[in-house]
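Engineer: Read off the chains here:
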Amino acid sequence: MAVDTAVGQRLGAQRGRAGSIGDVVFRALTFLFALLVLLILGGVIVALVEGAVPALRAFGFSFVVTEVWNPVTEKFGALAPIYGTLVTSAIAMLVGIPVAFGVAVFITEICPIWLKRPLATMIELLAAIPSIIYGIWGLFVFAPFVQQSIQPNLIASLGQIPGFGALFAGPPLGIGVLTAGFILAIMVLPFISSIMRDVFETVPAILKESAYGLGATRSEVIRQIVLPYTRIGVVGGIMLGLGRALGETMAVTFVIGNAHRISLSILQPGTTISASLANEFTEAVGDLYLSSLIALGLILFVITFVVLAIAKLLLLRLQQRAGG
Amino acid sequence: MSIYTQRRVANGLVMGLSVAATAFGLLWLVLVLWTLLENGFAAITPALFSQMTPPPGSAGGLLNAIFGSVVMTLIATLVGTPTGILAGTFLAEYSRGSRFGEVVRLINDILLSAPSIIVGLFVYEVMVVRMGHFSAWAGSMALAIIVIPVVVRTTEDMLNLVPNALREAAAALGSPKWKVIVMVSYRAAIQGMVTGVMLAVARIAGETAPLLFTALNNQFWSTNLNAPMANLPVVIFQFAMSPYADWQVLAWGGALLITLTVLCLNIGARALASWSAFKQ
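The listed protein sequences correspond, in order, to chains A and B. Going by the working numbering, the first residue of the first sequence is number 884, and it counts up by one from there. Going by the working numbering, the first residue of the second sequence is number 220, and it counts up by one from there.
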C-alpha cells in the first residue's frame, strides 16, 4: 500500500499541462509507427510493381502462361516456377494437413496434461528451426535417402499404373518436386497444428461433455462436435500453412533441382518462384532478366497476400464469434 | 460385428493414427537435430571462431560470418524493437475498435507470414539499387522489417492482457495516459514484450533469403556497414551447395551454431513467458 501511495504522489505531482502535451506527443508517435507498418506494405507493392513493369511491358499477359525461360535470348515466362510453387505446396498440404490434424487431436484430446506443454513446445520447435537447416539436411541426408529407398519403390509400384504412373516416371534422382514438397510439409506442420490446437481448445467443454454423456466415443466427439464447431478456424490454419509453403525459399532451393521446365512426374527436378529468385537474382545480367525475376516476386506476393488475407479473415471471424 | 464393436474399433483407429502422426512429427525434429550434431560437432573447433572463411582447399573458420551475423542481427533488433513496440502500443492502447487499427492489425499479420524473400526484393529495390551496391545496412534493414511485425504482434497481445483496473487506478490518481502506458502498462507487460523480442531475434538469426540480395556475402573480414558483409546463413548456403568437402564441413558447423542459438533463444523465451505467467 505504501508503494501505491508513493507512486500516486509522484504521478499527481507531475500531472497538468506537461501531461496533456505528453499525451498528444506520445499518441502521435505511436500513430506514426503504426502508419509505418502500412507504409512498409505499400512500399513493397510499389517497389515490386515498379521493378516488374519492364518485364510485364515486354511480355504482357503471356509472361504468366509461357514456359520458356531463356536468359540468352531474353525470353522469359513464369509458368514453370508458378507450376512448381503450386505443386510443391499441394504436396506439402496433402502430407501436412492430416499429420497436423493428428498432432492437434493428440495434444488436445488424448495426451495426459503433464505431457501437453512439452509436446506442444517440441512440435513448435520444428517451426523455429531456420529453413536453411532444412535445406542442408534435405540435400545431404533426406534426398539421398529418398533416392535409394523411396523413389525406386514408387517407380516400381505406382509408376507402373497406366496413366497415373506418369506422375512417378523417370529415374530416381533424389532431388525434385516430391522431396521439396515433403520437406515443406514438415515445415508447415507446426504452423497448422498449433492453430488447430488453439481452435480446438475454444470448443466449450459442456458441448463435448454432453456428447460424452450420450455415450459418444472420442473420435465421434471430434468428428461431430469439435470439427463442426471449429471448421472456419481449421480452414484458416490450413490457409496460413499454405501461405508459408508458397513462399518458403531456402529449403526448397536446396532440394528442388532448379530446372525451368514443367515435368508431369513429381520425381523430376523443377523450380519454384522463390527458388528461382534465390538462385538467379544476384547472377542476373540484363535489365529484362532482372525485371522478369522481380515480376516473379510480384506474382508470389499477390498469391501469398490473397491466401494469407483469407486465412486472417477466417480466423478473425472465429475469434469474433468466440468473443461475442 | 455389432455396432458397439464397430464404433470402438473406429475410435481406436483414429486415436492410433493421431498418436502415429505425433510420433511422425517428432521423428523429424529428432532426425534433423541428430544429423546436425553428428555432422556439425566435428566442425566446432577453435579455428571456427578465430579464422576467416577460407578459399576452397585450405583450412579456415567462420569468424567473419559470425561477426557479420551478430552485427546485422543487432542493428535489425535495435531498429525493429522500438518501432514494433510503439506500433503495438498504438494498436493496444489507442485504437480499440477503430477501423484504422483493424486494418493495421490485418496488414501486420500478413507481413508476419509474408515470404521473407519478398522483403529481400523490396530492400534490394529501395536501398541496393539506389545506393548502387550491396551493403550490411541493407541486410540489417531487411531483417528489421522481419522483426517489426513479430514485435508489434506480441506487444499488442501482452498489453491486452494487462487488466484495465490497473490503468483505471493509475488514471484515477490523475496521471496522463502516456504515463499510464509507460509506467503501468509497460511494467506489467514487460516480460511478455521481452519474450516477443527474443522470438523475433530467433527468427532473424537464421533468415537467409532476405540477405541474399541485400548484404550479399564477403569472403574477408569487414566492419564496413556500407559494404557487403559476410553472414552465417549465406555462407552456409554457398558452402553447402559447393562441391568442396572442407567447405561443406564448415557449412555443417555454421548450421549447428545457428540452430543452437535459435533453439536456445526460443526455449529461453518460452521459459520466461511461462515463468511470468506462473508468477501472476
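Accuracy of the hints is not assured; some may be wrong.
What the hints assert, rightly or not - Listed next, the in silico SDA-like pairs over lysine to any residue satisfying Cα-Cα at most 20 Å (straight line):
#, chain 1, residue 1, chain 2, residue 2
1, A, Lys999, B, Gln438
2, A, Lys999, B, Leu246
3, A, Lys958, A, Leu1097
4, A, Lys999, B, Leu236
5, A, Lys999, B, Ala242
6, A, Lys999, B, Ala239
7, A, Lys958, A, Arg1144
8, A, Lys999, B, Ala496
FYI, nobody ran anything at the bench for these hints, they're computed from the structure.
Engineer: Just pull the numbers of the violated hints for me, sorted ascending.
Structural biologist: Checked against the structure, the hints that fail are numbers 1 and 3, while the rest are satisfied.
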